[in-house]
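Undergrad: Residue numbers (our numbering), protein chains in the order written: chain A, 1 to 329; chain B, 330 to 857.
In case anyone wonders, no lab produced these hints; they're calculated from the structure.
There may be inaccurate statements among the hints.
Said to hold, decoys possible - Pairs of lysine to aspartate or glutamate, EDC-like flavour, derived with a Cα cap of 20 angstroms: (1) K25/A to D427/B; (2) K25/A to D475/B; (3) K769/B to D794/B; (4) K723/B to E688/B.
To be verified - From the derived model, a few chain B residues whose C-beta atoms are all more than 10 angstroms from chain A: (5) I437; (6) S612; (7) I764.
Please read all numbers here as calculations on a predicted model, not as lab measurements.
Think of the CB as a built atom: it goes at the ideal place given N, C-alpha and C, for glycine as much as any other residue.
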Amino acid sequence: MTITQTADTRQAPTAGTRFRLLLRKYYFAFALALFLALLITNLLVQRDFGWVQQVAVFAPLALAAMASTPAILAGRGGIDLSISPLMTFCSMVFATWLIPLGLGGWPSVPLILLLGAAVGLVNGLLTVLLRIPAVVVTLAMYFVLAGLSLRISPSTVGIGDNWVGEIDTGIAGFPGALVLILVPVIAWAVLSRTLFGRQLFAVGGNDATALSSGVGVRSVRIAAFAFGGAIAGLGSFALLSVVHVADPGQSTAYTLLAIASVALGGTTLLGGRGGLLGSLLGAGSIFLVQSLLTVLKVPAQWLGLFYGGVLLVAVVVGALISRSGRTTS
Amino acid sequence: MAELGEPPVVSVSNLAKSFGPTRAIVDATLQVLPGEVHAIVGENGSGKSTLVKILSGVHQPGAGSLEVAGSPVRFFPTPRAAQAAGIATVFQEVLTVDTRSVLDNIWIGLESVSNRVRAAEKRRRASAVLAELLEHPPALDDEVGDLSLSERQACSIARSLIREPKLLILDEATSALDFSTRSRLFGMVRRRAAEGASTILITHRMDEIDEIGDRITVMRSGSTVGTLALGEWNPGILVQMMTGAAEQAAREGREPVASADSPVVLEARELALRPGARPFGLSLRAGEVVGVAGLEGHGQDVFLKALAGLEPVAGEVERVDGSARQAVRSHRGASRLGIAYVPRERRAESIFEWMSIVENFAIATSSEDRRGPFLSERRSSTRFAEYLDLLKIKIGRGGDAITTLSGGNQQKVTIARWLASHPRILILNDPTRGIDVNAKRDLYTLLDVLAKEGLAVVMLSTEVDEHLELMDRVLVFREGELAAELSRAELTRERLVASFFGGQEAGSDPTGTATTGTTSTGTERQAS
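With the sequences and hints as input, model every part of the structure.
TA: Set out below in structure tokens:
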């Protein structure tokens, strides 16, 4: 940094304020702490943790959570409830049409990503241009996609001997699903340093300001939905790799857990603050809670209670740290 | 200073703009010369803000033409287009993204794919602008939500300045600034002027115009009525131009009902509407109609809400009933003590759009409609019928949705809702805003009837005419303080508007202004 700032004349913040500001900058701190604590506990309890397999099972939720994040960040009630059915729909398209057409190889990746982005785009266009609340638009899309998946095939479709089936076993000990998870993380890290990333945060934080500053508010918001859709497309591979079939009955499996992961990860549902990394850690925490309770043979009925409790604590922490430390002068 | 010979930076002529039936701008013409500081003044709703919003690409005009640097261009379709043409605007609302850093806030929207700026360069330029604007600039990485109001507004001003616009528009942007920042901003405006860049300044403060203005354009009821150069204006002339020909020599006012003998029903002591404001008091008598006036956002709203127990302020509000006194501490308490408050935003604050007309009426007094554990719709309707005549409410059936009524009738239903609680004090927050003339007249008649029955009314209005016609006295607010109190005898259009701007002490010179008023009426009539 070449600039010296004249901060010396301003009141030094108290320790509490400084801690809060630090937490706010690292919005995912709570999720990270929780994730690490759960991971360590899991490793202690489970001697044979089975990294590669665990990551593969975790990947669909991780991608669903990350895919849900951009629409929420864009603010003004933005949310995409159709992410989970979209992942299933993409996997159905892959198994039913792309493989028979001979497109089941690597070319399927851009095609599926495009399909996901296109559905996201439709969500974005309807929400932004017609000013229909995103909850309604994406809930409708949720049912449309779940219905389409069942229409394509009422029962599971196998993928045969396809490269996707090898993702979960891993390449030379490196879990393949980790690659799927890291792609959006890296894409996000790059994107948040670009113009689009900065504008996304501006629009989510205060769209009136963004508009008056000359930001194309509507296109940014639409793009956020499309970006989320593309990540959901990627998520379909994670889905396929776990069970080696496309299952139309799985449409709604991740919807609510994905939104919970986003909230747990420190992204505010009002928009403008948060990011994909937080959602990933939030999803990780949820996954590990699940895993831990299974190992400890806690009845499955308790799961919801645990999710709910953890989520509530996270949201309260989030509310406390985002309280403004504004001076009254 | 303006230079001769060069074409105006921006020139608009014969501009018109309507929002639905409301004509915000009727005919506006404005020329901004290179290197000048051009002030625009006018009353509330005279069209100043709409004019600059058109220049900033926020609104599209209905008619008119625009020239930039001498050549005709199309009106700007978006703020981005206006900025590309070298026009940057700071609005009255403090527009910042509170969750982002100071640096991000300053650079929002300025970068584009084709125009990348290196990070170090961004920091350097942002620091430079902030250092010139603020005595103690915040760190560039601070989150804007943590800054004071003045600092946040400084960030949005810095956002405009960093674009180095040919024309900077400050739309009441100085009201949120503290004194030192405002002085520094004016220093920057003068420096820019010396370098040939222009500024449009909209302000309600005459001292600011006197301090840096080169020329003034006056607006009245959506039209520009004239432009004055340095030395041609004084507060008297400006007020006269702002109020214009509308003063009627003989206006029909209400007959006052209350007298010095009428009992006091409400008393406020040592009220301070914002920290540090000069405190004031008020006693309200039965049958009195008191107006609350001032430019938008100068504390009138807070005052009304304080009376209604909605906004805690320093000082005390007491309901007086004979020798009994009870402090108003909450809104519930206020209602119990017979203080009714009709809010300003009809849609947001008072109407339940999904409910029927009768339900909307009965909502505040439902306990009267109880029949056993149930509410009787019929009893509500019977109670409502009493008010239909009094308020001249025109409805089809009471069970129809409230949204089937016109704005004026909706407002009447809201007022009926509160009258049904038999208040002794009625507080109205700009009740005639956006309702048609006939409904207004009905409302005036109603207030007169109510006052005769001994109800005390406190009414905020943004229309000068309403004050002239209705009020027994008018409280004028400026910068969160009671700036003037005009009795009925002192109430003239000029006096009232002048007191909005603090142009002269109210009560000091009643004859002088009145005379100029009449003269101006004469000349304008000859001219037209």
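Undergrad: State for each hint whether it applies.
TA: Each hint, compared with the structure:
1. With a C-alpha separation of about 13 angstroms, the suggested pair K25/A and D427/B falls inside the 20 angstroms cut-off, and the hint holds.
2. This hinted pair checks out: K25/A and D475/B have alpha carbons roughly 13 angstroms apart, not beyond 20 angstroms.
3. Between the alpha carbons of K769/B and D794/B the distance comes to roughly 12 angstroms, so the proposed pair stays at or under 20 angstroms and holds.
4. Between K723/B and E688/B, the direct Cα distance comes to roughly 16 angstroms. Compliance with the 20 angstroms bound is thereby established for this hinted pair.
5. Here I437/B does not stay apart from chain A, with its beta-carbon only about 4 angstroms from theirs, under the 10 angstroms limit.
6. S612/B, annotated as away from the interface, keeps every beta carbon of chain A farther than 10 angstroms; the closest lies near 32 angstroms.
7. Every C-beta of chain A lies more than 10 angstroms from that of I764/B, the closest at about 27 angstroms, which supports listing it as non-interface.
Hint check: a violation occurs at hint 5 only; the rest are consistent with the structure.
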